[in-house]
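K.L.:
Listed below are the residues making up each chain.
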Amino acid sequence: MSDQTLSFAGARASGMLRRLDPSMALWIVMIALLIFLVASPTVRLVVASFQEPETGRLTLANYHTAYVNWRHLAALGNSLELGVGVAILAGLFGVPIAWAISRTDMPLKGFVRVMVLGAFITPPYLGAIGWILLAGPNSGWLNRLWVAATGEAHGVFNVYSMPGLILVVAVTSFPYIFVFTNSALDLVSSEMEDAAQVLGAGKLRTAFRITLPMVFPAILGGLIISFLEAISLFGAPALIALPARFNVVATQLWQFFEYPVQVEVAAAYAIPLLVITVLMFWLQRRILGRKGYAAVTGKGGERRMIALGGWRWVMLGYALFVCALSVLLPLSVLLQAAFAKAWGRGFSLDNLTLGNFHYLLFEQTQAQSTIINTFVYAGATAFLAIALSLAIAYVVSRQLVPWSNVLAFLCVAPFVIPGIVLAIGFYAAYAPPPLALYGTGTILVLAFTTRFLPIAYTSSAASMRSINPEMEEAVRILGGGRLLAIRRVLAPLLKKSLAGAWILVFIPAARELSSAIFLVGPNSRVISVMLFDLSEEGNFEVLAALGTILLVVTLIIAAIGFRIIGRDFMLRRSV
Amino acid sequence: MTKLVLRGVERRFGSTLAVAGLDLDIRPGEFVSLLGPSGCGKTTTLRMIAGFIDPTAGTIEMDGKVLSSPAGSLPPERRDMSMIFQSYAIWPNMTVEQNVAFGLELRRISADEVRRRVREMLEVVHMGHLAGRYPAELSGGQQQRVALARAIVIKPSVLLLDEPLSNLDANLREEMRFEIKRLHDEFRITTVYVTHDQAEAMVTSDRIAVMNQGRIEQVDDPHTLYTRPRTRFVAGFIGRSNFIDGTCNGAEIAFDAFAVARAAIVDGAALAGKVTFSVRPQSMRLARTPGPPAGNRPQVEVRIVERAYLGEFWDYVVVPAAGRTRLRVTTPPLEVYQKGETAWLQLDPEQMTPITDGATVTTPPG
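Same order as they appear, the protein sequences are chains H and G. Read in order, the letters of the first sequence correspond to residues 6 to 580 in the numbering used here. Read in order, the letters of the second sequence correspond to residues 247 to 612 in the numbering used here.
Chain G extracted, bound-state conformation (with noise of 0.2 Å):
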């Protein structure tokens, strides 16, 4: 299995800086997914691993050796590794089994050799029975599992892929996300997953690493990046937050209409000054009394402010009754609140999240 290092990789096109100094190291067998929206840099990242973009600083290495550097790159012809294209590049003029075959073909194998390992591929993805068909034939389901079975046969040091999903209708890109995740807990294959997408990332990935404007802002495994987002782009990237200000003043955490006793947030003792929290909006409950004081969980008296039904629960706006900050709050489908009413909101101290940069990056609509 393959360990991949990204030291310092950066690359300008033109004057434009597409990836800012990136470093990753991708343990062997690991699932990684690069996250982010569209221009942050992860598909030049991507690409760059693969040897199509040479980097204009830094280096990738693999198991050790310099794949690629300024001064010069491994073609990708040379790296041992498969990709899975957004188009998934079916080439139109073979079957499926010449498409699977290909790389087989191009590592001298013998014929019997290659005809059986392919014949096992085709098995693997649930497309034995459709070997002499031409993509054109295939629905677009079909050529996404020859092209997982053309990048995987060849047993790659590494396995690229980049947005596969893209192309698929919902249901069967929920299909293929745990396919994919199969496929990886089948074949452990060292791999990197570029998405836009939070759910294909949380399905399939070991870490993720979330990209914004050419740099990494976090690498955590799916359940850390949801819970302790470090960065105000990351906490409303995955999922939606609330963001609110504090002020620490000794013992506590002050904020609007309410305060949290410092001891009560995770690494509280070493926040100082202002400092801006995550809140997400499932990690607060609303209820029509005030309950029992539990520890260091405050509750404050709010209102209603904007309500909306969306099937799986309900989504609430409320403003404390002494302050003006506006929390997003969401409450099982039973819960249900007039606008207008008053009620009391609880806050879990624990699912607090500090966030250390100042990047500006308003609250998601909801």
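Excised from the complex, chain H in its bound form (with noise of 0.2 Å):
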């Protein structure tokens, strides 16, 4: 056996300090596009918000533009209250679901979560468009209905209203709730409902009393991402607000980057919008985090479903209703309009086309390259997002670094910058020279990497956790380096999460508004943004042709997803 050992052992001997492993550089590299992404862009914000446009002099005089105007503190003003609206709204609509789905012997529970996933899916601006549809002043579906059912001359609905536009946000953000509720409730063990059964309590007192309360903190979460949600979305707000004429803290950062542009200005109105996510998720850590709620974090005993007798068609009868209001409703007449030769002429075969879907796949040019660079983007980001963050996962896990944890705080920090103030930190940092990446496709595709960055991390990170060390290990005790490890053992290992990984980054990064409409130019539009400027036009049947054909897409992936992964992906708890 000596001779072979000898040469192996001669052959490699030479080099000595393990500091100069030959992947240093890869993970420099990617560290240094971490700080590229995240660090910079949030600290140009910052700075930009205290500086004099031409001379770069040290000034308050933007954040005295931006607050000192009333107009611009009833948006703030405004803001808040679409957040705590939605919030409520949507803790009404998913908590019940919740619990409903989890706990009780309600029929039809599959149906109903293909629903709440259908939410999820829906971008709220196609939600909000379809809503559009429903209840527009006078020719919205409802009110046509309303007319004919009562005789009276004018309907009752007005989509274009603060109510109205809470609605719309609540009924595409309460699977967020929905989430938060259901994981906490399918860890309540039975035995704690049993004892509260035994001491005589009824089945809605135990409910109440006992159920509710051990899950409020999840529910709280819930309702915290929900109000964040709702603060920080542009695309539903800008189709609603602004034709009912109020604005909201999205739609007046949009304001500031109409001609002349005053990005200073919009970096010190979006300061608020950070500050506050940046606490409400701290609150919700606390909250989450609290201690003595042992059944969320525990392990669930014994299950079983609480009987609801006849109850169990109320329940099943309001589950339908929240299902209408956030999918069937307005994606039947989305699907209408999309098909149509005039939405407006109703459900009728003689109004029957393809002619929509004829005109933007094959007549229209510019609706061509939108659909194709809407996709491109969302793969090239989902790509880049992972590669990214499980690179950093791998060398948080292994420590290759000092202060990898500060690493692993910078992947998931995007977390709290909501996706407007996102966008305006990359124009404050990249949109000059040198790089002047503004309204390139360049510029769409690292804001989209940053903001769904922790999505990729927290998947990668715990795909990483779910892999004994050892396994790398053993592959570098045989003569293999670190690089080999990761090509041999590693990704095969991970394929199968990192391609789940890759569909919950594209999916949001596809139907990206918030942080696209200040990135992009001529010639990277996607089709969030075709979306909203063929709304201005009123182009509806269009507009809705080109949402079907995002919402067909984002289909065939989320169903290859389930393939993949299992049925509830999307719908688990991962932050």
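Think of the hints as simulated: they come from the structure by calculation, not from any bench. Just so you know, nobody snuck in bad clues.
Some chain H residues near chain G, calculated using beta-carbon distances under 7 Å:
| # | residue |
| --- | --- |
| 1 | Glu475 |
| 2 | Met476 |
| 3 | Ala479 |
| 4 | Leu483 |
| 5 | Gly486 |
| 6 | Val494 |
| 7 | Pro497 |
| 8 | Leu498 |
Pulled from the structure, derived: some chain G residues nowhere near chain H, Cβ distances all over 10 Å:
| # | residue |
| --- | --- |
| 9 | Thr341 |
| 10 | Glu369 |
| 11 | Arg461 |
| 12 | Thr473 |
| 13 | Gly482 |
| 14 | Ala500 |
| 15 | Ser529 |
| 16 | Pro566 |
| 17 | Tyr583 |
| 18 | Gly586 |
What you are looking at is a predicted structure, and each value in this text was computed from that prediction instead of being measured. We treat Cβ as the ideally placed atom computed from N, Cα and C, and that holds for glycine.
If you follow the hints, you should be able to join the two separate chains into one complex; please do so.
P.N.:
See below:
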């Protein structure tokens, strides 16, 4: 044995220092990229808010312009009203459905789950457009039904209002609360409820006194997410608040970007959004991290479904009502419009046409490139985000550099940066020379990558944790380097969960509007931006067709995700 | 065959000292176990030998060449060692054959030669018929055999094993102990084996290094380690023992209620002052009547205080009639005494070992 041993040891024994690991260069590049993507725009945003546009001197003038103006302050107030309203309404939608699915024998659970997933996948601006077709004053479907049914001259529904906006945002954001509540309820063992019932409590009392309080921190966590989602949303407010002649922070920020562009004022105006988000996330962590709710952290014991008797039909009725508001109604009128010559002429055969799709796919050249852009950018974003987050997760888990926890923090930090705020930071950092990336596809991909990096990182870090480091050490002790271990063992083992992560990034990236609207140029338009432009022209049929294309592609990708990682992959709580 | 030398090896993690100045010479072809309770630094030591962790002081040398030192270390992939991990770390994405072939492929050996050696190796570990299986389709013991084959097929200069049997059930563990011993006898690879199980260490090892709190307490072959433990910890960790205090007094050493001639004790002449002795429960005998005086073997009248029947033997706790020291004695199953009965305890001074440290470790519960 010794002859071969010696030759091997002799050939490899040169070069001593482990510090010169050949993979080190790769890690350094990845860390630099992370700083470029996350730290730099955030810092630029804050710095720009204190700078004079021309001279770069420090000043508070931007804050003066941004806040000493009652219209701007009113927009801030409106955003808070919107956020609170959405959180409450979404809670009323999400919590009962989560309870019914997790703890009761309500029928048609599978269908309701699919509908909730549908609401999750539907971009809020498409929901908003659906609701414009449903509850637009006079011409909206619900108003026409009302007029037909009551004989009155005018309809009663008006989506162009604060209540309208709250409803539209709530129906698309209640899945967050559903996910949080559902995962917490799944951990509550039936024995907790049995204990209350043995002592004489009825089903309803048990639900309100025992079950709900136990999952209350999770519900609160979901409410906070809904609130934050609502105040940072751009699409739905722009479609509804602007015609209704009121502003929210997001739409006001957008107006700062109209000619003449006031990036510095926008930066100053974006700071409260950033601060509120950071504070709320901190609060959410505190609430969810609270001890004493052993049921939420521990493993669930035996679980039985509560028999609701006749009430289960009432529960189902409510669930279907929410599904109708969030998915069935808006999507059916959207589909009708997509296949209609004129959506107002209703559901009749002679109104049916494929002309809208033909127009988009074959006649309007810009639409083609827009559609291609969207999916190319989303795909590139998903690849980049996963490659980066995987590399960082690796560096963190193996502690290859000092302070590797800072890297982990940078990866999840974009989670607390609203899309519009991030976009302004990117604009401030990379629009001016030397990079001059404004309006390019590159800046969109980079901004999307940053925005969805937390999703990619949580997935990557979780899958990295699921693999015993000994798998890799076994490669190294047999003579393989780090990169070989990654290529031959780690990558094959991570394949499946990385495919899932890819989809989890691809879907939101394909529909992203908030950050795109600030960074697109004429040659880098994406579907979400084009939808927004079309709505300003009032061309709802073509718009609906384009929205349908986006939804269909999203659904196909989500269905592939189902096949790869299982039914619930998007509705699992990952943060 | 490879010689491995650890000199003053130390490893700190932050403020905690995991391994404190370890010296160990491992001879070519020797099988040495690092034995100790969890947290004693044995796995850290093994991982330093493998190159996964750098020492904060000291050096590790292989055949006179420095592998690890605080200044820099040869990475694991250049040490020509192999390792068997606690989790086996069989790659689930490769078949048994691919797993075993992996290390050979890295050594740029022709494909035919790789196939031949893998076949041969799999036969040695009785896994030839399962070469095409994936790890998920194997039992724990079979995975263990694949791990052994994968580690040995490259004929490493040093083989490292990190608690390789701790995930197996009792019967399989016993079988694999002898399997590991057999493979070592066949290939004579210099081996370092980490375990917390004394039986495992005693079956497999040429020598055992007993570790405690980052230090080696004693390195010896299994028999010496058991019969001549040098420290209280070693005596207590390997088997069970009584610890009794004696005082050197001229030609005698006086204990509670009896005395032993200094000359009867191995190296007794060198002792002075108060000395603690380790006395194994099975090194003493109980009798109903005092036997004929036999050389230097003292006999003490004792009372039975507690007893327990353990199937293979009786376990008694006795106290000298004229003293207070509680002693644990074992007897064959047919030597039955009642609680409260008096009996005669016969000691064998040759099996009384002076303990050289003052570490306060209490007699382990029986």
